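All chains should be built: construct the whole structure from the sequences, respecting the hints.
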Amino acid sequence: MSVLESRSLATLSRRGFFGRLGVGAVAATALPQLAGCDSNDPILTGQAVVLDFSTDFGVLNYAYALEQLEYAFYLQVTQTAYFQSASAEEKAILDDLRQHEKVHVDFLAAAIPALGGTLIRNLTPDFSSVDFSSRTSVLSTAQALEDTGVSAYNGAGQYLRDTGLLTIAGKIVSVEARHAAAIRDVFLGGAAFAGDDVVNPSTGLDVVATPAAVLAAAGGFITDDIQLMNVPS
Amino acid sequence: MKTVFDILAPEAAQALESRRMALVTLGKISAGFALASVPAIGLANRAYAQTSGDPISVLNFALTLEYLEDAYYRMGLDSGIVPTGLPQTYVQQVSKHETAHVALLTSAITGAGGTPVQFDDDDFDFTAGGFDPFSDYNLFLALAQGFEDTGVRAYKGQAANLSTGGGSLNSTLTTALQIHSVEARHASQIRRLRGQQGWITQNNHTLGAAFDGIYAGEGNISQGGIDVSTITDIGADGITEAFDELLTSDQVLAIAGPFIMA
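As you go down the protein sequences, you meet chains A and B in turn. Counting with the working numbering, you get residues 50 to 282 for the letters of the first sequence. Counting with the working numbering, you get residues 169 to 430 for the letters of the second sequence.
Derived from the structure by calculation, the hints contain no laboratory data. For clarity, every value in this text was computed on a predicted model and none was experimentally measured. Don't take every hint at face value.
[What the hints assert, rightly or not] Below, simulated DMTMM-like cross-link-like pairs (lysine to aspartate or glutamate); rule was C-alpha separation at most 25 Å, straight line:
1) B:264 - A:245
2) B:264 - A:246
3) B:264 - B:293
4) B:264 - B:246
5) A:140 - B:290
6) A:140 - B:405
7) A:140 - A:101
8) B:264 - B:304
9) B:264 - B:222
10) B:264 - B:300
11) A:140 - A:180
[Stated by the list, open to error] To spell it out: a stretch of chain B is covered by chain A in this simulated footprint if at least three of its residues, at any positions, have a beta carbon under 8 Å from a beta carbon of chain A; those stretches are:
12) 259-268
13) 407-420
Quick reminder that beta carbons are idealized off the backbone N, C-alpha and C, glycines included.
Structure representation (structure tokens):
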């Protein structure tokens, strides 16, 4: 299967829309450091999605994978049973999170090709382990996804070569941290918004994780085989 | 790019006009805040007014903000203005982190061969301008929100200065990012305690006009040269909520400087 064939219709139509608007040229001008990276595109080996961290595109696709997962989760949440019975506050939070993650997905889906990279294919999330009629199941999953997102971005910032992209990653991770705090507060309360289980009480430092650890943590929700390459260590 | 003087000038003028009107109410916080902007001009002499972007300067800039936050929460807790129960639980957790950040950054700067800035609680005046966050819990939370949202933006603005080119491990940058996201957790919680959303919509806020600088630019919908409104079906409010914006060190100085008397 070629790279092109592996893409969903949704991805193709998004790229088409993007191209018609001519946004790509603007973006390429804004971030010239990433021009011409043909050899650095993600590699599809059979069914495996390869995230090659030898360029920033690998890092961006890593973020794109996680954002896809988050968005797919909140989309399903807002269409299923628990959400219908949730308090107004929790509804508002969960629907805001759906919107924010959609923005992150759409942005990365546009930015990666605009900068000359190749998007990984759309992942196939598997939330069969989540009971979408259960408040505990929904909110604990949301908590895990948000904390994992924070740890992933915190760990990946150092890999980014382009400081403009580093700043953009920073713009996203603080929003994920805001999410994590809100979900933890409505779910667990007390000091959990920045609990000692995620913010080291001695150093005041938030969670950080390697891509391998993040994929291991998120793997239960992803059916795709994701392989990491050239992760700095 | 705006300089610290561009930001301060109109606020300072407004402050002189409204100095006597500064009252201990949320509605009047703008007058007090603007008044407090005046002494910030003197800050350029201090080491923490970093402009060079070298890592030690960046860390001292961050350390200055952490000292300010640390003093604020400890003084707030000591004042008795924070209600017992959950409010104290929240504020104690935040305070604990700010104290830890001061120690961590001090150690990091020393370890990197630099000289860490040092402040005493007396170096800060959170009552400058005629309002007193330590006698009004709502005011205390309002100023806390301002400090936390500023802190998030301040760290974000320095991330690029801590980059060593990417593609390899960079513990200084990673540490800064780990503090950055903690500030964001704090900001979310304090905003929600005030009945706000945990995230920032456009450049909206409920802190009074003199706090506009804290949220300046948050209405941005263009990222990396891409007008995000053209590539998503989510509206502009959601787009601005999904990306927190940065502040330059000059912008941060204009916001935080007024509370630093040294």
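Against the structure, the hints:
Distance restraint check for residue 264 of chain B and residue 245 of chain A: the Cα-Cα separation of roughly 10 Å lies within the 25 Å cut-off, and the hinted pair is therefore satisfied. Annotation: proposed proximity of residue 264 of chain B to residue 246 of chain A holds, straight-line Cα distance about 14 Å (limit 25 Å). Only pairs whose Cα atoms come within 25 Å are accepted, and residue 264 of chain B paired with residue 293 of chain B is accepted, the gap being roughly 21 Å. A hinted pair counts as satisfied when its Cα atoms are at most 25 Å apart, and residue 264 of chain B with residue 246 of chain B qualifies at roughly 14 Å.
Only pairs whose Cα atoms come within 25 Å are accepted, and residue 140 of chain A paired with residue 290 of chain B is rejected, the gap being roughly 45 Å. Taking the CA atoms of residue 140 of chain A and residue 405 of chain B, the gap is about 17 Å. The hint holds against a cut of 25 Å. The suggested pairing of residue 140 of chain A with residue 101 of chain A is violated, with an alpha-carbon distance near 37 Å, which exceeds 25 Å. Proposed proximity of residue 264 of chain B and residue 304 of chain B is supported: the alpha carbons are some 22 Å apart, at most 25 Å.
In summary, the hint linking residue 264 of chain B to residue 222 of chain B is not supported, as the alpha carbons are separated by about 28 Å, beyond the 25 Å threshold. Of the pairs offered as hints, the one joining residue 264 of chain B and residue 300 of chain B holds, with about 22 Å between alpha carbons and a cut-off of 25 Å not exceeded. In summary, the hint linking residue 140 of chain A to residue 180 of chain A is supported, as the alpha carbons are separated by about 17 Å, within the 25 Å threshold. With 8 residues bearing a CB less than 8 Å from a CB of chain A, the segment 259-268 of chain B meets the requirement of three and the coverage assertion stands.
A stretch counts as covered by a chain when three or more of its residues have a beta carbon under 8 Å from one of that chain; for the segment 407-420 of chain B and chain A the count is 7, and the coverage holds.
This entry does not satisfy hints 5, 7, 9, going by the numbered hints stated previously.
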